[in-house]
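Peer 1: Taken in sequence, the protein lines are chains A and B.
0 is the number of the first residue of the first sequence in numbering that gives the first Met the number 0; add one for each residue after it.
0 is the number of the first residue of the second sequence in numbering that gives the first Met the number 0; add one for each residue after it.
Worth flagging that the hints you see were computed from the coordinates, not collected in a lab.
All C-beta atoms, glycine included, are put in the ideal place defined by N, C-alpha and C.
Careful: at least some of the hints might be erroneous.
Which residues of chain A face chain B? A few of them, derived with a C-beta cut under 8 Å, are [what the hints assert, rightly or not]:
(1) K62
(2) F79
(3) V81
(4) L108
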Amino acid sequence: MIRIVNLYKSFGSNHVLRGVDLEIRKGETMVIIGRSGEGKSVLLKTIVKLLEPDHGEIWFGGKNITAAGEKEKEAYLRRFGVLFQGAALFDSLSVEENVSFGLRRMKNLPEKEIARIVRERLAMVGLRDIEGKYPSELSGGMKKRVALARAIAMDPEVILYDEPTTGVDPIMADAINDLILDMKKKLSLTSVAVTHDMVSAYKIADRMAMLHEGRIVGMGTPAQIKKSRNPLIRQFISGSAQGPIRLV
Amino acid sequence: MKVMTKISVRFWRGFDSVADPILKLFLEIGNIFILLGELLAATFRILTCPRKLRHFYYQPIMEQMVRVGVDSIPVVLTTALFTGMVLAVQTGVTIEAKIKGSSMFIGNIVNLALIRELGPVLTAILVTGRVGSAMAAEIGSMKITEQIDALRTLAANPVEYIGVPRFLGVLCMMPMLTILADVLGSLGGWLVSSFHLGISSTVYWDGAQSTVGLADIFSGLSKSFFFAIILCIFALHRGFQTYGGAVGVGRSTTGAVVNASITILIADYFLTQLYALF
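Given the sequences, and given the hints that come with them, work out the whole structure.
Peer 2: Written out as structure tokens, the structure is:
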């Protein structure tokens with residue numbers, strides 16, 4: 000469904016992505032693991048065209064998206080939902096306005112229908128009667144769930160999760176993992192998650208890929224990753240400070 | 000040979016250290032003009048689409064008008080009143096000391112200075128400090144908390160959604176505030192000249208009326224339009240360029256206020272020269 004070919008991205012002299020090759024199949028959950036600062040979020044933002052790659056191609060459903068024009072880009076974006084690391088809810092808007100933001104702008108629906116979709120999506124993430132609240136009145140976990148409701152409000156085909164369990168307690172992290180699995184089942188979504196939380200990665204992944212020094216250094220199912228003999232993967236999944244990955 | 004290489008390396012290093020900031024400056028100026036173009040195009044798109052304007056932008060534009068205009072009234076009025084008073088004291092005392100009886104021209108001097116220069120410039124600087132800083136900080140915070148990225152993923156253009164209501168708010172309210180500043184400054188001048196310098200009200204207002212023409216009022220108000228554009232573009236530019244957490248927000252806020260204030264003062268000189276031609 001999504002094919003990333005030889006992707007490069009630099010910020011000045013900082014070469015973040017140095018030839019990433021990755022294929023994400025329809026309906027699967029691909030989890031990209033790697034140390035903080037390895038470019039996982041940059042890769043995610045490049046997929047959704049928030050950042051333009053310096054070199055390389057991104058193919059989506061047989062189309063080269065890197066060469067797409069403005070209109071094609073807009074149509075492409077409508078097929079994605081993104082859950083940002085810090086939820087990225089709009090502070091000045093209520094929960095209802097946040098969740099319905101895309102619906103109001105892109106779909107010409109009557110207000111009753113919008114209200115129904117908002118209620119339904121909030122219920123899917125386990126929230127009720129909070130439509131009138133503002134992001135500042137919500138806990139970290141609730142913000143993430145509202146952001147997830149916003150991401151799925153437009154019925155996307157692909158959902159991107161940027162560190163979905165960062166900044167929440169372990170119980171809430173597990174609840175978010177369950178939600179990700181639930182979303183996949185109910186909405187038949189293709190998902191891409193980046194995380195360094197191995198508990199979460201093992202739970203939600205169909206396949207995992209490790210990003211190190213701007214390249215994918217290993218890929219496989221959670222079981223294959225656990226058995227991997229690649230010293231980089233072994234060090235990362237065991238969480239050891241000793242090994243080929245140097246602390247900077 | 001070695002000596003020549005060393006000289007050459009030093010020369011290019013020296014050249015780089017001079018050229019780099021100049022290139023960066025041109026890049027910044029280019030980015031500002033690109034943003035201005037995007038902002039004007041987005042404003043045109045919204046104003047020519049009544050459905051969009053009514054459904055998505057009417058409320059935010061009104062909110063910005065209140066934040067820029069109504070909320071700035073106390074600070075603008077106080078400053079204008081006391082500026083008019085100080086101007087009258089300084090001018091009255093100085094010219095009277097030089098030429099006996101010349102303080103009767105105080106109405107002409109105070110009002111002309113206020114309407115042509117001090118009203119628009121002081122208002123613009125005050126609004127830049129109050130509104131421009133808040134605008135840059137707010138947009139900067141949105142940038143570092145990925146709200147701007149979230150807008151893009153929801154197919155909303157950040158310049159349109161964030162920039163246009165603020166731009167229209169400032170563009171409409173700056174001339175209104177300037178008019179209020181002119182009126183209060185003039186009243187301040189009248190208070191001092193009547194009660195402190197002993198000049199009759201008729202002399203003060205007659206002086207004002209005989210000197211200040213429509214062209215002066217137009218010149219002052221049109222300046223305030225240009226200042227509104229300058230304020231807005233610097234605040235938006237610095238806000239959208241924010242990086243590096245809370246420190247970055249602080250840097251953007253300071254940068255927006257300093258750059259906009261300096262540009263307003265420079266633009267004032269050139270606009271004055273331009274109007275002098277007509």
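Peer 1: Please name the hints from earlier in the document that this structure breaks, with their numbers sorted from lowest to highest.
Peer 2: 1 and 4
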